[in-house]
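If you want the building blocks of each chain, they are given just below.
Protein chains: 2
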Amino acid sequence: MTEPLRPGQTIGILGGGQLGRMLAVAASRLGLHVHVYEPGAGCPAAEVATRTFTAAYDDTAALTEFAQSVDVVTYEFENIPTAALDVIEALRPIRPGRRALATSQDRLTEKAFLRDLGLATAPFANVESAEDMAAAVDEIGAPAILKTRRMGYDGKGQARLKTTDDAADALAAMNGAPAILEGFVVFSHEVSVIGARGLDGAVACFDPGENVHEDGILRTTTVPARLTASQRTDAVLLAARILTALDYVGVLGVELFVTETGLIVNEIAPRVHNSGHWTQNGCQIDQFEQHIRAVAGWPLGDGSRHSDVVMENLIGADMDRVPEIAKSGAALHLYGKAEVKPGRKMGHVNRIVQGS
Amino acid sequence: MTEPLRPGQTIGILGGGQLGRMLAVAASRLGLHVHVYEPGAGCPAAEVATRTFTAAYDDTAALTEFAQSVDVVTYEFENIPTAALDVIEALRPIRPGRRALATSQDRLTEKAFLRDLGLATAPFANVESAEDMAAAVDEIGAPAILKTRRMGYDGKGQARLKTTDDAADALAAMNGAPAILEGFVVFSHEVSVIGARGLDGAVACFDPGENVHEDGILRTTTVPARLTASQRTDAVLLAARILTALDYVGVLGVELFVTETGLIVNEIAPRVHNSGHWTQNGCQIDQFEQHIRAVAGWPLGDGSRHSDVVMENLIGADMDRVPEIAKSGAALHLYGKAEVKPGRKMGHVNRIVQGS
Numbered sequence: 000m001t002e003p004l005r006p007g008q009t010i011g012i013l014g015g016g017q018l019g020r021m022l023a024v025a026a027s028r029l030g031l032h033v034h035v036y037e038p039g040a041g042c043p044a045a046e047v048a049t050r051t052f053t054a055a056y057d058d059t060a061a062l063t064e065f066a067q068s069v070d071v072v073t074y075e076f077e078n079i080p081t082a083a084l085d086v087i088e089a090l091r092p093i094r095p096g097r098r099a100l101a102t103s104q105d106r107l108t109e110k111a112f113l114r115d116l117g118l119a120t121a122p123f124a125n126v127e128s129a130e131d132m133a134a135a136v137d138e139i140g141a142p143a144i145l146k147t148r149r150m151g152y153d154g155k156g157q158a159r160l161k162t163t164d165d166a167a168d169a170l171a172a173m174n175g176a177p178a179i180l181e182g183f184v185v186f187s188h189e190v191s192v193i194g195a196r197g198l199d200g201a202v203a204c205f206d207p208g209e210n211v212h213e214d215g216i217l218r219t220t221t222v223p224a225r226l227t228a229s230q231r232t233d234a235v236l237l238a239a240r241i242l243t244a245l246d247y248v249g250v251l252g253v254e255l256f257v258t259e260t261g262l263i264v265n266e267i268a269p270r271v272h273n274s275g276h277w278t279q280n281g282c283q284i285d286q287f288e289q290h291i292r293a294v295a296g297w298p299l300g301d302g303s304r305h306s307d308v309v310m311e312n313l314i315g316a317d318m319d320r321v322p323e324i325a326k327s328g329a330a331l332h333l334y335g336k337a338e339v340k341p342g343r344k345m346g347h348v349n350r351i352v353q354g355s
Numbered sequence: 000m001t002e003p004l005r006p007g008q009t010i011g012i013l014g015g016g017q018l019g020r021m022l023a024v025a026a027s028r029l030g031l032h033v034h035v036y037e038p039g040a041g042c043p044a045a046e047v048a049t050r051t052f053t054a055a056y057d058d059t060a061a062l063t064e065f066a067q068s069v070d071v072v073t074y075e076f077e078n079i080p081t082a083a084l085d086v087i088e089a090l091r092p093i094r095p096g097r098r099a100l101a102t103s104q105d106r107l108t109e110k111a112f113l114r115d116l117g118l119a120t121a122p123f124a125n126v127e128s129a130e131d132m133a134a135a136v137d138e139i140g141a142p143a144i145l146k147t148r149r150m151g152y153d154g155k156g157q158a159r160l161k162t163t164d165d166a167a168d169a170l171a172a173m174n175g176a177p178a179i180l181e182g183f184v185v186f187s188h189e190v191s192v193i194g195a196r197g198l199d200g201a202v203a204c205f206d207p208g209e210n211v212h213e214d215g216i217l218r219t220t221t222v223p224a225r226l227t228a229s230q231r232t233d234a235v236l237l238a239a240r241i242l243t244a245l246d247y248v249g250v251l252g253v254e255l256f257v258t259e260t261g262l263i264v265n266e267i268a269p270r271v272h273n274s275g276h277w278t279q280n281g282c283q284i285d286q287f288e289q290h291i292r293a294v295a296g297w298p299l300g301d302g303s304r305h306s307d308v309v310m311e312n313l314i315g316a317d318m319d320r321v322p323e324i325a326k327s328g329a330a331l332h333l334y335g336k337a338e339v340k341p342g343r344k345m346g347h348v349n350r351i352v353q354g355s
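As given, the protein sequences belong to chains U and H, one line each in that order.
Residue 289 in numbering that gives the first Met the number 0 sits at position 290 of the first sequence, with consecutive numbering throughout.
Residue 185 in numbering that gives the first Met the number 0 sits at position 186 of the second sequence, with consecutive numbering throughout.
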């Protein structure tokens with residue numbers, strides 16, 4: 000299917016969290032219907048979707064009905080079981096494609112892909128056994144960080160090695176899951192590029208944002224990021240190279256460490272990205288609409304930045320600050336989650352700092 | 000009820016057209032649920048609402064269930080039957096209030112209200128009989144326009160008098176409905192002010208836009224409008240005076256004729272207004288969120304204009320131009336209406352002309 004979707008056709012979204020919710024709103028703006036597939040009941044995206052399938056990812060009948068009810072399928076998270084993707088792909092195109100998912104679902108595959116593209120990454124080694132771990136520690140040393148190859152996010156599935164003496168404890172913390180040992184990178188700050196590639200191969204990147212994390216969770220993204228002109232060009236060009244190498248369709252997030260010797264790729268996410276939320280109030284076309292346009296086979300929109308923005312995540316008890324933020328006149332975006340939990344992303348706020 | 004709604008509470012919207020749809024999206028952004036009440040099936044707002052009641056405005060049981068399911072009720076159109084409002088108001092607050100609805104539902108009441116506020120209007124006279132018509136024509140002369148007092152919109156329910164000889168035909172065209180004869184105003188152009196008033200009495204107006212109509216339907220709104228500094232101040236002050244006189248809560252549209260002797264009020268609409276759609280891409284907080292904030296008892300947001308914008312309505316066969324507009328990078332907003340009809344508003348496009 001290479002024809003663009005017509006208004007009235009339907010995009011299926013796997014996952015019903017806040018990213019699915021904001022994708023659904025963007026699709027509605029273009030006159031497209033959205034069907035959401037999500038195992039959990041009462042998910043944030045259900046409220047703004049035409050239809051929601053509440054079923055598990057191993058429910059072949061539900062997956063089949065979902066796929067048959069839509070024209071193209073996309074997703075808001077990368078850890079979708081392979082078997083579910085197989086069921087869907089037999090019926091409808093999945094965008095971004097399987098290669099992007101396979102690459103980003105496994106930290107080892109991802110790092111190898113980036114290295115083969117000629118991009119700089121932290122030193123890394125595969126760890127599936129105590130012997131692997133010993134060899135990896137010999138090669139990489141400490142400090143280092145051991146991460147499960149699959150299913151990690153927001154700092155979960157990770158163990159730090161302050162010294163090589165921590166190796167055994169770190170390995171035990173993986174509970175036998177295949178892992179990757181990553182060397183420590185000395186960097187001044189982290190930036191990310193949100194890139195988009197259309198079905199026609201056109202690439203458009205948003206201006207890089209500068210990220211600050213707290214407890215492994217993104218706290219703020221500020222645009223413009225502190226980057227020299229040549230670093231900014233490098234960041235955008237390497238994102239474009241990744242998009243093209245993956246024959247990618249949609250929006251991709253690329254996290255980068257800024258070091259004295261250049262940019263080092265931390266990780267990629269084959270989806271709209273928390274560090275791109277500022278685009279909702281800094282650009283005419285935001286990352287959510289850009290993703291929907293790409294997935295729908297539409298031309299990409301104008302994502303140039305019209306304002307300087309600071310995006311702040313509202314996490315857990317930050318919800319107590321909503322009345323005060325509402326008063327400030329800043330642009331508030333809440334996700335409609337019923338329960339506040341520590342560490343849970345409940346919303347975000349975009350503050351326009353000045354026109355640019 | 001004067002406490003602000005908390006995230007997770009529910010706003011009821013009477014009417015499920017494009018205005019209801021865009022209000023629902025704004026409410027979702029603030030973490031509020033939306034229940035829509037609309038007699039027609041498959042309405043544009045249903046897709047982005049938590050729940051939709053498909054029932055007639057004389058269905059007391061459905062109106063009761065709807066009102067009981069929400070915390071506050073608003074509306075996207077002013078011609079709601081009084082009996083339906085009575086059912087709802089016994090259960091939940093209606094914002095904007097009944098006075099604003101009663102005033103704007105009847106052209107004669109509206110004109111009298113404006114005149115009593117000391118604002119300039121076209122000359123007008125009540126016409127309920129042939130005798131009234133003769134007296135009105137004597138007083139106002141021709142050219143003039145005879146309009147039904149109730150239920151007119153987009154040029155419907157109107158008959159022009161080029162000369163006084165057209166009086167009998169015009170009266171016959173009203174089919175016995177009470178009408179109002181309005182004198183012709185010589186004006187250079189039309190502007191509108193979208194004003195908002197919070198539950199706390201705070202007033203905030205968007206920058207006036209300049210409107211161009213075709214066949215009685217709004218075609219484009221351009222900001223900034225051609226107005227002198229003092230005209231701009233007058234426009235905003237008179238909108239504020241109307242909002243305060245009505246003890247209004249929510250967004251109100253005020254259409255104004257620009258004449259050599261000053262601004263003349265054409266009509267008011269107690270709701271978000273087509274001529275305010277440019278705010279979606281010209282302001283940090285748009286008219287839809289401003290309305291939801293007011294109705295929810297929240298503080299108004301920052302509606303200052305960051306860009307010059309031209310809003311163009313996509314009417315009927317304009318939908319054929321969607322692929323070309325999508326390519327232009329402009330901000331497209333489609334309403335998800337299944338059927339294209341001549342004269343039907345299908346969407347709009349906002350073009351940022353330059354930052355300001």
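It cannot be assumed that every hint is accurate.
Computed spacing ranges between beta-carbons, pair by pair [what the hints assert, rightly or not]: (1) M150(U) <-> R343(H): 45 to 55 Å; (2) A316(U) <-> E88(H): 35 to 45 Å; (3) M150(U) <-> G96(H): 14 to 24 Å; (4) E130(H) <-> P322(U): 36 to 46 Å; (5) G200(H) <-> A316(U): 45 to 55 Å; (6) T227(H) <-> N78(U): 52 to 62 Å; (7) G261(U) <-> T227(H): 49 to 59 Å; (8) P322(U) <-> H188(H): 16 to 26 Å.
Not close to chain H: a few residues of chain U, all C-beta gaps over 10 Å, as computed [said to hold, decoys possible]: (9) L29; (10) F76; (11) I284; (12) W297; (13) H305; (14) S306; (15) A325; (16) H332; (17) L333; (18) Y334.
In case anyone wonders, no lab produced these hints; they're calculated from the structure.
C-beta atoms are modelled at their ideal positions from N, C-alpha and C, and glycine is treated no differently.
Hint by hint, here is what the structure shows:
1. M150(U) <-> R343(H): 45 to 55 Å: holds, 49 Å
2. A316(U) <-> E88(H): 35 to 45 Å: holds, 37 Å
3. M150(U) <-> G96(H): 14 to 24 Å: violated, 53 Å
4. E130(H) <-> P322(U): 36 to 46 Å: For P322(U) against E130(H), whose Cβ atoms are near 59 Å apart, the range 36 to 46 Å is violated.
5. G200(H) <-> A316(U): 45 to 55 Å: Given a distance of about 32 Å, which is not inside 45 to 55 Å, the answer is violated.
6. T227(H) <-> N78(U): 52 to 62 Å: holds, 60 Å
7. G261(U) <-> T227(H): 49 to 59 Å: holds, 56 Å
8. P322(U) <-> H188(H): 16 to 26 Å: Check failed, 42 Å falls outside 16 to 26 Å.
9. L29: L29(U) is in fact no farther than 10 Å from some Cβ atom of chain H, at 6 Å.
10. F76: The claim holds: F76(U) sits with its nearest Cβ about 20 Å from chain H, beyond 10 Å.
11. I284: violated, 7 Å
12. W297: Given that some Cβ of chain H is not farther than 10 Å from that of W297(U), nearest at about 5 Å, it is violated.
13. H305: H305(U) is in fact no farther than 10 Å from some Cβ atom of chain H, at 6 Å.
14. S306: Per Cβ check, S306(U) is inside 10 Å of chain H; nearest 7 Å; violated.
15. A325: violated, 5 Å
16. H332: violated, 5 Å
17. L333: It is violated; L333(U) is separated from chain H by about 3 Å at its closest Cβ, not greater than 10 Å.
18. Y334: At about 7 Å from chain H, Y334(U) fails to clear the 10 Å cut-off, so the statement is violated.
Hint violations for this structure: numbers 3, 4, 5, 8, 9, 11, 12, 13, 14, 15, 16, 17, 18, all remaining hints satisfied.
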